[in-house]
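Student: Put together the whole structure using the sequences plus the hints.
Chains as they are written, first to last, in my numbering: chain P, 1 to 327; chain R, 1001 to 1327; chain G, 2001 to 2325; chain V, 3001 to 3325.
Treat the hints as calculated values from the structure; they're not laboratory data. Predicted, not measured: the structure shown is a model, and the values here were computed from it. Glycine included, every Cβ here is placed at the ideal spot set by N, Cα and C. Treat the hints with care, as some may be off.
[As the list claims (entries may be wrong)] Here are the computed lysine to aspartate or glutamate pairs in the DMTMM-like style, where the Cα-Cα straight-line distance is at most 25 Å:
| hint | chain 1 | residue 1 | chain 2 | residue 2 |
| --- | --- | --- | --- | --- |
| 1 | R | K1110 | V | D3302 |
| 2 | V | K3129 | R | E1018 |
| 3 | G | K2184 | V | E3253 |
| 4 | G | K2129 | V | E3178 |
| 5 | G | K2129 | P | E49 |
| 6 | G | K2184 | G | E2254 |
| 7 | G | K2129 | G | D2201 |
| 8 | P | K286 | R | D1204 |
| 9 | V | K3179 | V | E3253 |
| 10 | R | K1325 | R | D1204 |
[As the list claims (entries may be wrong)] Taking CB as the label site, the calculated pair distances span:
| hint | chain 1 | residue 1 | chain 2 | residue 2 | range |
| --- | --- | --- | --- | --- | --- |
| 11 | G | G2288 | R | Q1219 | 45 to 51 Å |
| 12 | G | A2207 | R | F1044 | 37 to 43 Å |
| 13 | P | R307 | V | A3210 | 45 to 51 Å |
| 14 | G | R2084 | P | R307 | 55 to 61 Å |
| 15 | P | A226 | R | V1198 | 32 to 38 Å |
| 16 | R | E1186 | G | A2207 | 54 to 60 Å |
| 17 | V | E3178 | G | A2285 | 50 to 56 Å |
| 18 | P | P245 | R | S1284 | 27 to 33 Å |
| 19 | R | Q1219 | P | P24 | 30 to 36 Å |
| 20 | G | A2249 | R | F1044 | 20 to 26 Å |
| 21 | P | H178 | V | P3248 | 24 to 30 Å |
| 22 | G | A2100 | R | E1186 | 56 to 62 Å |
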Amino acid sequence: MPGKRITFVEAIVEAIREEMRRDPNVFVLGQDIGPMGGSLRSTFGLWEEFGPARILDTPISESAAAGLCVGAAMEGLRPILDISFGEFLPSAMPQLALHAPAVHWLTLGKARVPLTIRTKVGDGPYQSHPQCFEAWFAHVPGLKVVMPSTPADAKGLMKAAIRDDDPVLFFEHMYLYHGVRDEVPEGEHLIPIGRAEVKRPGRDVTVAATAWMVHRALQAARQLAAEGIQVEVLDLRTLAPLDVPAILASVKKTGRLVVAHEAWKIGGLGAEVAATVAEQAFGSLKAPILRVGAPHVPVPSHATIRRAFLPNAQDIIAAVQGVMKHA
Amino acid sequence: MPGKRITFVEAIVEAIREEMRRDPNVFVLGQDIGPMGGSLRSTFGLWEEFGPARILDTPISESAAAGLCVGAAMEGLRPILDISFGEFLPSAMPQLALHAPAVHWLTLGKARVPLTIRTKVGDGPYQSHPQCFEAWFAHVPGLKVVMPSTPADAKGLMKAAIRDDDPVLFFEHMYLYHGVRDEVPEGEHLIPIGRAEVKRPGRDVTVAATAWMVHRALQAARQLAAEGIQVEVLDLRTLAPLDVPAILASVKKTGRLVVAHEAWKIGGLGAEVAATVAEQAFGSLKAPILRVGAPHVPVPSHATIRRAFLPNAQDIIAAVQGVMKHA
Amino acid sequence: MIEDPKAALAMHRWMVTSRVLDEVCCQESAHWFPAEGEEAVPVGAFYGLRPDDVCAPAYRGAPVVYLMRGATLEQVLAGALGKRTSFARGRHFSFTAPIALRILPYIAGDLGPIISQATGTAFAQKYRKSDNVTVVSFGDGTSNRGDFHEAVNLGAAWRLPVVYVIQNNHYAISLRIEKATAAKALVDRAAGYGLPGVAVDGNDVLAVHATVQEAVRQARAGGGPTLIEAETFRMRGHFAADTAPYRPAAEVEEWRGRDPIRRLEERLAAAGLLSAEAAQAVWSAVRGEVEAARAAARQHPDIRPTDLGLEQMFATPVQEARDAR
Amino acid sequence: MIEDPKAALAMHRWMVTSRVLDEVCCQESAHWFPAEGEEAVPVGAFYGLRPDDVCAPAYRGAPVVYLMRGATLEQVLAGALGKRTSFARGRHFSFTAPIALRILPYIAGDLGPIISQATGTAFAQKYRKSDNVTVVSFGDGTSNRGDFHEAVNLGAAWRLPVVYVIQNNHYAISLRIEKATAAKALVDRAAGYGLPGVAVDGNDVLAVHATVQEAVRQARAGGGPTLIEAETFRMRGHFAADTAPYRPAAEVEEWRGRDPIRRLEERLAAAGLLSAEAAQAVWSAVRGEVEAARAAARQHPDIRPTDLGLEQMFATPVQEARDAR
Ligand SMILES: Cc1ncc(C[n+]2csc(CCOP(=O)(O)OP(=O)(O)O)c2C)c(N)n1
Ligand SMILES: Cc1ncc(C[n+]2csc(CCOP(=O)(O)OP(=O)(O)O)c2C)c(N)n1
Ligand SMILES: [Mg+2]
Ligand SMILES: [Mg+2]
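Tutor: The following block contains the structure:
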């Protein structure tokens, strides 16, 4: 398929547009997604094409909006819920963590919740509401959780999420939003949920990363290549269910693992990745598993301390050098 | 101090009673905690002693009740919030995960939230609302999370929680509630938050466990002793902040680790414990780290499938035998 | 005057069925939530809806709604007995609903979210331009959850075809509604959302039925939602084993005088539609049916450890995507 | 007639200060949330409270409340400039409040929870048997959150000394209040919680002040809470850089005619309390003060990477307990 160079958010909007054209049951609801075009242009152009019947501005009622989606989805619609920012996920927690995920199992498969919940997280020029809560949701049975790092993956995973018959939580990183541009295949381009991807092959150490940290890991890998260290960058892409086979395959090859994400290190998804490897690939490990994540304070607002807070390429480099000390 | 044999919940109520006598700023609010004496007798006798001014029945408004506590605590009171069951924590998620934990840091230490949130989780005769969400809260900076396994620890930790100037989430396991009875010191008996305890020493393998799983681990240890395997049972007690020194000390001695909890294995607290050890005690490890936890489905209601769902002593035994295969 | 005798007689029988079923289920399960004295609300509110409408009855009294929609007594009893044939195969409480009958299940144990979900099924009904409606009921206590506020407001703002029914039985477990809110009446909340609010005697099944049906007509015609408060009383404890020592006995006795079944029987008798003997016959017939169903349900297969259903977690399995690697 | 000329003149000056400060802060920060046109609500609602009362002003327009409670212009500007002297030292938005002045901070970025927290400070005031009160304001949009429902209901049920003020500026970012609710007026929600509801012209600072003060008196006297809706209008975009293309210009122009500062100036002039020249003098004096404060704040130290404050996470450090092992 021919591609064009578009941004991360443009790729997501393109995916939604294509799926809405394809299936009249797909609709979007959220705050300021209509005439305003979405916060940070998250739905830019959709209201003009699909109108108020399918692009619905909700009041500030995250919990009701989520519950409405669960009910509508059980009736066969395919809602896309735009929760403006990850900081507002807790406001809809019962619907997202207790209700949507359990329907299919509870009804013995008679009902399902084909719901896509998209939300913006992470650092970026906007500097607000950046909390990364993905680890919470990966702990909940019945949810699928994705977190792409490139426009092409974002498009392919958004299309897969919309067509998926389970609730999918789709995390959009704000630094990537308008900040990365990529060749994105037009039309039918799907990335299966549940598959990680090696973004850069290497034989010495695996760096498993998510979203913006994939880019930091690639930057670290380029710098480390100069020192003769070959880093394999594994983009997890789907966080639940984790692509355990891909993680194990990479670690079995390299024997060393660093996990990097922007969320808090303690209790973050990196713990699950590390624990899985310590359980299932222990024999291949040549070194401790190091995790790179945020320190245990709330995400600060001001750029200066935000920089001090955020994990960066230098942290990844230090971790890689740390595990490389072990022969 | 002289002790008497009381149940887990009696020990907790005793702690609350003593602290309420000691400090007029301590009060309790929650549903059905007044004349009814609390769900599963969680506040039995307190209303009779302290009356409706300090034992307050709230409407079914978990979010407002939690927010009221945050505000009252910032004004210098020391609320104890009784959230009947862990399944209702998501209903108060913004207050519990975003607000209460951040106050001290955000106000540069000028304000604080000395709030104790107690809630019932886990299996037990009552068979309802048993979800174990402790891993979510351990991921959140600013929260302390405790989960005792014995009446004596429960009393000591409850007293410490009430005197602590930070929000403390106190998980009470429903199987233990009326099910275990113990010598509990009367009066001034405090267990410091942040300290694990070796409940049974052993040199071959560490089983780090929480709440009811501590008892299953002890049961497993007794059985395994017959096979000549010396299991060290480490009761984590505080889940946030984890007692990393105690975990590392035990694993450095035994060289093997199994983590056991009733929560879902994927993304559970066991991942953090395993990852910490894979990071900081890798050199001491003789075997993979195995985790025992629930399979990835919602907690079922009916006893038969509940039994199939719950991790048990047999699962711990199998895991220990698994790690013992590695010399 | 009784406008529709056939409907009135049918509702009588459903109320009797609910009462008898309740007694039996309370014997079978200490965790059953008895609806004694409140039958007029589920029966009146959900009787006479179309099979393709969506129902979301309050958990207390819900089983009679399943029956009215076509479930069998045996199926409901299998739930109370914890049999493999229960609607959720033991995964959730016995009162989890048969989704195939267009009844929203209680997905989790927290009260409130179902109000939003019912607003969502109504949204789907409107989105599809059908003339179906959703009727949802819930307790007085539940109306103090944020979910109620957000959902009813949204349903009204979007004029969705939904009827919200508050089954005000005066208690949330041990807490009287007067202690839970200073509102004079819960239906007074309607003005704050801009939808009609109607109070109805919740122990008068014909009144409940007429009120809900009027709201249903309005919703079908595109006139948007209505909030209805049906005042009734919880005659027993919160669950079967709860003796409710936390409340005055006099209050219970007072409400016993307003028993909805006896009241309907008196009206039917006065209208010459149901003699005392005929009423007695209904009771015995129902008792017979329920006992027969209990005996039959006892023979149903037990839940097996393999019923945990790990493989049913996802509707779209992930493995396939992985295997296509 | 103007009952208290001194108060009226003081509130005039505070409104002018708010307006000028806002302009300057919008220049300094694209993320500033301008309160132009809404000044009468924060000024009228929070003027004249006791220093030991608790204030929880809506984020939009909050800084003038900090000033009225004793914060300096320089401190507020240091926030807008992102200086180390900002109240939260850069940990949160510049509008995070100075807690020492008994102003509740915006702890996180989600709207709603502060309504419950303010209910909690009022609870503490009552628990301690003080005659202090809490006044909390929030936007029309925020009143559609579940938090509003649960908190106001609880405050009313427990008759807490709190005043709830809805600063209805007709918009929640791009959504008109008429699209967010079908309620005719937000104050109509009061009946559903059983507390008095009062609507007031939110562009008339004297009316806002009188209404809130009446509610404060009632609360102090143990009469419980009041819900007040002050209708006003957001003259600018949601944040400084938002040009608000999503709404009709005519509406904005219409409201420009109701500017609360000009309206007060006209009344003060008519009462012979403030000539046009004197009013002009206030504006220039305030402009001078604000510019001087901006210049001074510019010299404040910058935030340093070490200000992250890891060591301030806990009030009761855990290490001590550990070390006592
Ligand atoms: C969010 C939440 N909080 C608390 C409970 C515990 N609980 C179960 S039933 C009940 C009472 C419900 O009262 P109401 O809505 O009036 O219904 P009723 O029991 O009277 O039929 C409560 C508090 C719950 N299930 N969910
Ligand atoms: C729970 C939550 N949802 C969404 C937002 C995003 N948001 C920030 S300001 C705003 C509008 C608030 O409207 P209103 O309460 O009327 O206050 P106003 O901005 O008009 O002063 C929204 C939706 C938020 N901060 N919190
Ligand atoms: Mg009730
Ligand atoms: Mg507004």
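Student: Work down the list of hints and note, for each, if the structure agrees.
Tutor: A quick look at each hint next to the structure:
1. K1110(R) x D3302(V): holds (21 Å)
2. K3129(V) x E1018(R): holds (23 Å)
3. K2184(G) x E3253(V): violated (42 Å)
4. K2129(G) x E3178(V): The given pair, whose Cα atoms are some 23 Å apart, holds under the 25 Å limit.
5. K2129(G) x E49(P): Distance ~20 Å between K2129(G) and E49(P) Cα, so the pair holds.
6. K2184(G) x E2254(G): holds (21 Å)
7. K2129(G) x D2201(G): Roughly 33 Å separates the two Cα atoms, so the pair is violated.
8. K286(P) x D1204(R): holds (23 Å)
9. K3179(V) x E3253(V): holds (21 Å)
10. K1325(R) x D1204(R): Answer holds: K1325(R) to D1204(R) is near 11 Å, not above 25 Å.
11. G2288(G) x Q1219(R): 45 to 51 Å: holds (49 Å)
12. A2207(G) x F1044(R): 37 to 43 Å: holds (42 Å)
13. R307(P) x A3210(V): 45 to 51 Å: holds (49 Å)
14. R2084(G) x R307(P): 55 to 61 Å: holds (58 Å)
15. A226(P) x V1198(R): 32 to 38 Å: Between A226(P) and V1198(R), where Cβ atoms are some 48 Å apart, the hint is violated.
16. E1186(R) x A2207(G): 54 to 60 Å: holds (59 Å)
17. E3178(V) x A2285(G): 50 to 56 Å: Since the Cβ atoms of E3178(V) and A2285(G) sit about 55 Å apart, the hinted range of 50 to 56 Å holds.
18. P245(P) x S1284(R): 27 to 33 Å: holds (29 Å)
19. Q1219(R) x P24(P): 30 to 36 Å: violated (58 Å)
20. A2249(G) x F1044(R): 20 to 26 Å: The hint (20 to 26 Å, Cβ to Cβ) holds, given that A2249(G) and F1044(R) are roughly 22 Å apart.
21. H178(P) x P3248(V): 24 to 30 Å: holds (28 Å)
22. A2100(G) x E1186(R): 56 to 62 Å: holds (58 Å)
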